[in-house]
Amino acid sequence: MQETNRGHIHPISSLIREANQIFYAMGFTFADGPLLESEWYNFDALNVPKDHPARDMQDTFFIKDEPGCVLRTHTSPVQVRYMESQMKAGMPPPYRIIVPGKVFRNEATDITHEAEFFQIEGLAVGEDISLAHLKGTLAHFLKELFKGASVEIRFRPSFFPFTEPSVEVDMRVVGPHVPEKLRDTWIEMMGAGMVHPSVLKNAGVDPEKYQGFAFGMGLDRLAMLRWGIDDVRLMHSADLRFVNQF
Amino acid sequence: MKISRAWLQTFFDAPLPDAAAIGDALTFHAFEIESTENVAGDDILDVKVTPNRGHDALSHHAIAKELGAILGIPHKSDPLQAVISLEPKTDAVKVAIENPDLCRRFTVALIQGVHVGPSPDWLRERLESIGQRSINNVVDATNFVMFNIGQPLHAFDAGKLSSQNGHSLIVRKAKDKEKMLGLDDKEYILTGAMLAIADGHTNEVVSIAGIKGGKPTGIDETTSALILEAANWDGVLIRKTSQVLKLRTDASERFQQVISPELAAYGLHAAANLILELAGGEIVGFVDEYPMPQGKREVAVSTEKVNHVLGTELSVEDVGNAFTRLGLPHAQVGDHFTVTVPFERLDITIPEDLIEEVARVLGYDKIPTLDLPPFPNAPEVNANYYAAEQTREELMAKGYSEVYTSVFADTGERAVANKVDSVHPYLRSNLVDGLTQALRRNVHNKDLLGLTEVRLFEIGTVWTKKGEEMHAATVGEKEKPEEQIVKPEAGDTYNTLALSIAARYQSFSKYPFIVRDIALWVPKGSDPDAVLQIIRAAAGALLVRAELFDTFEKGDPSTGSGQVKLSLAFRLVFQSLEKTLTDIEANAAMENVYSEAKNQGWEVR
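Protein chains in written order, with the UniProt record's numbering: chain A, 1 to 246; chain X, 1 to 605.
Okay, chain A solo, but in the shape it has when bound (with noise of 0.2 Å):
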C-alpha cells in the first residue's frame, strides 16, 4: 500500500530522453545501428588503420566462428552507415543525428570502468558546419542538461583517427546550486572533433564539398556527474535500491 503505483525510470533511459529532446530541438535526428558490428563499420570506415593497437584482441570483443564481427567499441559506425544509408536514398547533406547506445570494451571492471556502458554520439553535416559549431552546440547541450547552471566548456587538442582536428572536450559548471565535487572544476567530458575527410569519403559523401563535426561522449560518466552516482557498476546493477531513486 505505500507503493507507489508507478515503476521507476533507470538513469540512463532517463538522460537519453532528456538528450533526445534537447537534441530534436536542435534538428537531430535520433538513429541507431546494430551492437553486433563489422570491423568495417567499427574500425576501417571510420579510419583505424589494420594495424592500429585499438584492434589487437585486448580491447575489443570478437565473436567467435563469426571472422570480422565485433561488439562495437563506440557508437561512431552509425555515423557511416547513417550517412551511406542517406546517400544511398538521394538524400545528400545536410545531416544532423545523435546516437545514444551501447558499446562494449573488453577490459577489467572497476567503479571507474565498465566493460558494457553508454555513449552518445553527434554528428552534423553540411556546406558549412565549422569547429565553432560544434563549440555552440556542446554548450547548449550541457546548460540545457545543467539547468540553472551556468556552464562554460574549453576544448584541448587531442587525437582520434576519425576527427581532424580532433579535441578533448572539458566543462566546469558555475553556481550556487552546483554539487560541491562539481563547482568550479574543469571535468573531462568527450571527444570531438572535425569529422575525417576519409570517413566521409567512405560514405559516400563528397568531402570536398561537405564538413561537419562529431562528439561522442560516455552516458554513464554523464550521468554519474549529473546525480553523484560514485560506481559506474551500478548501471547494470539492476539493484533497485540504486534505481528506485530515480
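Just so you know, these hints were derived from the structure itself, not from any lab.
Here are the computed lysine-lysine pairs in the DSSO-like style, where the Cα-Cα straight-line distance is at most 30 Å:
| # | chain 1 | residue 1 | chain 2 | residue 2 |
| --- | --- | --- | --- | --- |
| 1 | X | K296 | A | K50 |
| 2 | X | K487 | X | K398 |
| 3 | X | K240 | A | K64 |
From the derived model, a few chain A residues whose C-beta atoms are all more than 12 Å from chain X:
| # | residue |
| --- | --- |
| 4 | D44 |
| 5 | E84 |
| 6 | M87 |
| 7 | K88 |
| 8 | G175 |
| 9 | I187 |
| 10 | D206 |
| 11 | G218 |
Backbone N, C-alpha and C define an ideal beta-carbon position, used for all residues, glycine too.
Got chain A; can you put chain X on it based on the hints?
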C-alpha cells in the same frame, strides 16, 4: 614520457617559465600532462604524447620545439635542421638487409680506441632525472641521444663480433626457436615472424631488431672498438614482436610508432660525436644502407579553408605566423600556403592536418561559439526508439521499474571469442534469465525499499543465430515472466515524456538491515503521519525507513463505554552505513521508541 625541465632548457637561451606554465602551455596547445613532480631541484613532466605524434614527438627536442612554438621563445638551434653527412665511408663493416620492407635504413659507425668508463655527472644526472639508470659512457651516450632527439641506437662491441677481413651484420628474419641472451640477462626465444640482426660470419643473432641487444656482444670496460647502429624498423613488426616477447623497451616504444628513416643519420652522427667526447677514440667510418630514401612531401591549404573549417576569421598573416612558429617551412601565394613538411612530421598528410596545427598553436580558446543554423527539415522519428519509449511508459505505468542487466550470459546462441575475465562468455538470447536473477537479488531488499512486491522490466538487445533483436521483458514475484520483441513503430513526433525528478543520488549501505514492527493503540482521530514523525525522531539515526502497514479501529473494552481507539502498525528498518548492525543496537533503538510511546500515552500492543 618523462620530460625534464632542465633538459628542455638546454634548447633555449631565454629562461623557460615554471613547470606549471610549461604544463599549461603543452596541455592547451599540444599534449596532456599526466603529472609533474620535483626531483632533486628539477621538474619532471609526464607528457602524454598523442598517437599521431608518436612519429616525431617522443623526445626532449620535440617537446622543446613545441614549447618554443607555443610560447614564442626562439630555439638556440634545431639539431634536425642541420645538414648531416655520414662520411667517411668504411668497408670494414658490411651490412646486408634481407627485408628492406621491414628495415628501411641501417646505418653504422665504426669507432675505435674508446675508453669505456663511468659517465660524467651531467650525463648521469640527465638520465637519472627521467628515471633511467646510468650504465657507462658509451651506453649512456646512445640513450641520451634517444631521449634527446628520438632515435634509438645500439652499440656492439666490435671485438666480440667475428671478423674476417672486417665485420659483417645481416638484417634477416629470425628462425623459429632461435635464441638470444639479452643485455637484461634473459634468454629470448624468437619466432620466424621476428626480425633479427645477425653476425654475418657466424649467423648468430646479436640483436632483436629495434628492441634489445644481445649480452655476448654488449659494451663493457674491456671494449675498445665498437659498432654503433642507428636503424629504422617497421612499426607493426616491432609492436608484434614486443607483444610476443613481452618485452617493451624505450627503443621498441619509439619504433612501433613509426619514425622517419631520415632521423637515423642524425641519431648516429650525434651519438658518435658524443662517444668521442666522452670516451675518446676515433671514427673509422660510416655505413649507410638506405635503399628507398624518404621523399619530400608538400601539403597545401588556403586561409579561406582554415577559416571555413574552424569557424574563425584569421588573416593570411595569422596563418603564416602559425606555420613559422611551428617550424613548418612554407611558400605563400595569395591566401594559399604550400608547406614543405619536415621529414620527422609523418603525421602531416592532408590540409586538415595543417588546419589542426594552426588551431592548436593559436589556441582553441580562439574558436568562437556559434549556434547551428536552423535545420531545413524536421528531424525523423526513430521507429525503434519510439516503440521502446512507448513500451517503457506502459510498463512503468503498470508499476514495473526499469533495470539494465548484462548482455553477457552463461548460455546463448553466440559467444564472445576473447573475453578478458572469461566468465559469462555468451551473448544473451533472452532478457528473462538475467531479469529473474535480478529479481531474486532484489527480493531480499523489499522491506528496505518499502515494496510489497518486486516487479522489474528491461528493454534491451538479445542475439539469436538469426541476428540481433530488441526485446522487452517483465518479471515479478507473483507472476510469470514475459518477454516479447519490440516492433518498430512509426510516430510523427515524440511525445514529451517525464524525466526522472531525482536531484542527487544517495549511496546506500552495503550492510544487512534489521526489520522491527511496532503496533500501537492511539486515540481515535490521531494523525498517523504525526505518530510516525514522533517514532522516527525517537528511533534515531539508524532508522532508514519507517512506514505504516496496518491500521484498524475498535471499541476500548477497558472503558466499557464503546469508546473507539485506533491501532497503528509500523514497520521500522534499521541499517548502518559503516557496519553490520547487531540486535542489541536495534533493540536499543526500539527501547527509545517504546519509551517515547509511553510518554505520549500510547499503548504498545
